[in-house]
Amino acid sequence: MANFTIEDLIRVLRACAGEGEPVEAGVEIALLSFGDLGYDSLALLETASVIKREFGVDLPDDVVGELDTPGEFVATVNRKLDEVS
Amino acid sequence: MTGAVVITGLSAAAPNGLGTDEYWSATRTGTSGIGLITRFDPAGYPVRLAGEVPGFDPAEHLPSRLLPQTDHMTRLALVTAAWALRDSAVTAESLGEFDMGVVTASASGGFEFGQRELERLWGSGPEHVSAYQSFAWFYAVNTGQISIRHGMRGPSGVLVAEQAGGLDALGHARRRIRRGTRLIVSGGVDSCLCPWGLVAQLPSGRLSTAEDPARAYLPFDAAAAGHVPGEGGAILVLEDAESAAARGAPRVYGELAGYAATFDPPPRSGRESALRRAILLALEDAGLGPAEIDAVFADAAGVPELDRSEAAAISSVFGAGGVPVTAPKTMTGRLYSGGAPLDVAAALLSMRDGVLPPTIGTERPAVAGQLDLVLGAARAAKLRSVLVLARGYGGFNSAVVLRTVDRTG
Numbered sequence: 001m002a003n004f005t006i007e008d009l010i011r012v013l014r015a016c017a018g019e020g021e022p023v024e025a026g027v028e029i030a031l032l033s034f035g036d037l038g039y040d041s042l043a044l045l046e047t048a049s050v051i052k053r054e055f056g057v058d059l060p061d062d063v064v065g066e067l068d069t070p071g072e073f074v075a076t077v078n079r080k081l082d083e084v085s
Numbered sequence: 001m002t003g004a005v006v007i008t009g010l011s012a013a014a015p016n017g018l019g020t021d022e023y024w025s026a027t028r029t030g031t032s033g034i035g036l037i038t039r040f041d042p043a044g045y046p047v048r049l050a051g052e053v054p055g056f057d058p059a060e061h062l063p064s065r066l067l068p069q070t071d072h073m074t075r076l077a078l079v080t081a082a083w084a085l086r087d088s089a090v091t092a093e094s095l096g097e098f099d100m101g102v103v104t105a106s107a108s109g110g111f112e113f114g115q116r117e118l119e120r121l122w123g124s125g126p127e128h129v130s131a132y133q134s135f136a137w138f139y140a141v142n143t144g145q146i147s148i149r150h151g152m153r154g155p156s157g158v159l160v161a162e163q164a165g166g167l168d169a170l171g172h173a174r175r176r177i178r179r180g181t182r183l184i185v186s187g188g189v190d191s192c193l194c195p196w197g198l199v200a201q202l203p204s205g206r207l208s209t210a211e212d213p214a215r216a217y218l219p220f221d222a223a224a225a226g227h228v229p230g231e232g233g234a235i236l237v238l239e240d241a242e243s244a245a246a247r248g249a250p251r252v253y254g255e256l257a258g259y260a261a262t263f264d265p266p267p268r269s270g271r272e273s274a275l276r277r278a279i280l281l282a283l284e285d286a287g288l289g290p291a292e293i294d295a296v297f298a299d300a301a302g303v304p305e306l307d308r309s310e311a312a313a314i315s316s317v318f319g320a321g322g323v324p325v326t327a328p329k330t331m332t333g334r335l336y337s338g339g340a341p342l343d344v345a346a347a348l349l350s351m352r353d354g355v356l357p358p359t360i361g362t363e364r365p366a367v368a369g370q371l372d373l374v375l376g377a378a379r380a381a382k383l384r385s386v387l388v389l390a391r392g393y394g395g396f397n398s399a400v401v402l403r404t405v406d407r408t409g
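Line by line, the protein sequences are chains A and B. For the first sequence, the residue numbers in this note's numbering are 1 to 85. For the second sequence, the residue numbers in this note's numbering are 1 to 409.
Calculated directly from the structure, the hints in this document are not laboratory data. Hints should not be assumed to be uniformly reliable.
Claimed, not checked - Partial selection, computed: residues in chain A whose CB lies under 8 Å from chain B:
#, residue
1, Cys16
2, Ala17
3, Gly18
4, Glu19
5, Gly38
6, Leu42
7, Leu45
8, Glu46
9, Ser49
10, Lys52
11, Arg53
Beta carbons: idealized from backbone N, C-alpha and C, even for Gly.
Here chain B stands alone, though its shape is the one from the complex:
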């Protein structure tokens, strides 16, 4: 056993493209999926822009029996998981049912489903509430439904750490594989684009109230004023490297070489954010020095104070302008638990294709000189190791290091 854990399949559901190919071609060309909210009338709300996954008809992809019992986010997660498994060429027959588990992240749960049932409860009475409300709203439901649908009965779980949770799920998946489970389906897919879900996010003060989709989410820019919420994410198939080779996995996107998570000190303590420590611990875990990291996919909060502390953490580890930094999530908005897995998918595809997708919108970096931002258009780059960062509301910091794998036999 080498202990190496590799990614053998992935799929994305993003506001700028449903499915890996559409997402990746839009992302490489800097195409945004941010627009006016269409899922409900946002006129009465201070936040009116979001990233919605386009062209998703659940009935086209899922058996009718799954529709009455699933929230929108679970439908997206089920379809994305099926595509990721197809990408990895894993079938129920490839491995034993207890050799495969599911570890996803969630930041909230099935709020759209839950809001509808609460409206029925108060509007019509308890007998009008769907029996499926018992689990359809639940934050662990994506893991459960993926596990049931694909007959995966190995160790499973769900990680909750707002936007950072998507990396924590991957870290936990790797832990499970090192303890002997051959394959874990991981990542995260979130959607909270209903009035209840949106209103629940307003008190954070981090959402953008801008009206112009092109100027609404500008991380690291002098005009940064919050983020645009979005839906979607990515599902990745993680496997023990030897086990993947033994079953003849058709492709290996890369190795999950390093992972670390830290927690910030209390607000107004005056102490430094723990993000820098998360970066250093993830590098140490991967056995790599800063000079060996070829690019950073930033968390890119879009909130001036958070942008400053992230830029400070990156530049203190890598030196001012010492590594290319990008934030393709400027094309999707922040996807909560789905955001970091989508960044991991983008980083793996970047490594495969030798190209870094751009950060769009941002024009006048407030952190000029500190960060070498990939602005405006994609940049060709030979990428062997990439760092992905994610921070969650409430003080979570997580970092993952991905590394290419030489398949020389």
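The shape of chain A in the complex, shown without the other chains:
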């Protein structure tokens, strides 16, 4: 069972594209949209390319383009990790 976590994603996002918009306490970050967090499509492409290098998961651009929330992003990475393991 793969375990790419929301913390992994946030860490890579911040390294690639800087701090996101502040999130209120108690709000589930996984459910917010990337737009609300202040990350655009290029931030996600950059993040996907770092995740490929770090975790060996290939996320094609068209797949990344369909991901709206951190939760979806994490689930997709874990599904891909399970496929290759």
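Please build the complex by placing chain B on the supplied structure of chain A, with the hints as guidance.
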């Protein structure tokens, strides 16, 4: 509508001072920002001096999200633009988003960013190249990032004419305002101080290979032997005069009263440089005669042949020694698209304070008698109209006339 276009805000990022106040106090006192290149090891290059903007920590001024996607020149441009807008007291709420546009000049693009990503491409592979390379290197990126950051969705663009482009951007900004846009953020900020950027400039043969910062860039001097490259520039806020008054703009630095651009004949044609014609057209556009111009901020190439043709153009229009001429860029090096906007900022501040900043370094003018150069120290002067000249590698000549504005109500 009077059609008058005025400058209501400005800011500078220059090798001899970051921010208007630091730049202007250094410039008035003849303080140079030229020194050994520190951004990379220049030991293996024939050009080792440059003007680098001091004390700039981008993280101190910009949100972290803008850092991974911006070249050094864009960071400088964003910070300078924010300061210029603050100076003009324009906020996103002052005017509609389509009433405000951005027109900057660029001479190259984000070369430092681009070099790093090219090194990754060839050194590590394509998957190591930043997604932001798609635009961070691009010559239009400063205009785009300023527009996005400040929500300015009116007519925007970028002008490319090497060192002359900074004046062409102001001319185009004025054109846009006359066509109905209330405000344009304009000017230019460049930086090309990476190995790739520097090497790309070497074939022009115009860069100084001198080792002594005090003797490296000596325009109009008998010992002139090229220019020192520099980084930085200025951003200016241009507005329709009536619109600026209606929103209660706190200050008006002056009017962009005249603008013209010409192009030189082919090299070795034997024909005269078109710089003189640019001066005459800009004066005509401003409705002023040569006797009404109180000072000239020269392009000051620092290349003997170009210095001679500029001195000839100025003296043929104004008469030998007929107008004070200065080149504060001797303290910064040539800033490419940022150089002329910085001169415009300096000229506006000169008009405000009644003082002409000096030309430093130059001691023995090769053009003695032709030009009344402001050498060594600043000179007090009542300035109502000032001419700023800029020439770009490849044959570009541009001229701008600035005029004080009486605010009597």
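Verification of the supplied hints:
{"no.": "1", "hint": "Cys16", "result": "holds (6 Å)"}
{"no.": "2", "hint": "Ala17", "result": "holds (6 Å)"}
{"no.": "3", "hint": "Gly18", "result": "holds (3 Å)"}
{"no.": "4", "hint": "Glu19", "result": "holds (5 Å)"}
{"no.": "5", "hint": "Gly38", "result": "holds (6 Å)"}
{"no.": "6", "hint": "Leu42", "result": "holds (5 Å)"}
{"no.": "7", "hint": "Leu45", "result": "holds (4 Å)"}
{"no.": "8", "hint": "Glu46", "result": "holds (4 Å)"}
{"no.": "9", "hint": "Ser49", "result": "holds (5 Å)"}
{"no.": "10", "hint": "Lys52", "result": "holds (6 Å)"}
{"no.": "11", "hint": "Arg53", "result": "holds (6 Å)"}
In this structure, every one of the numbered hints holds.
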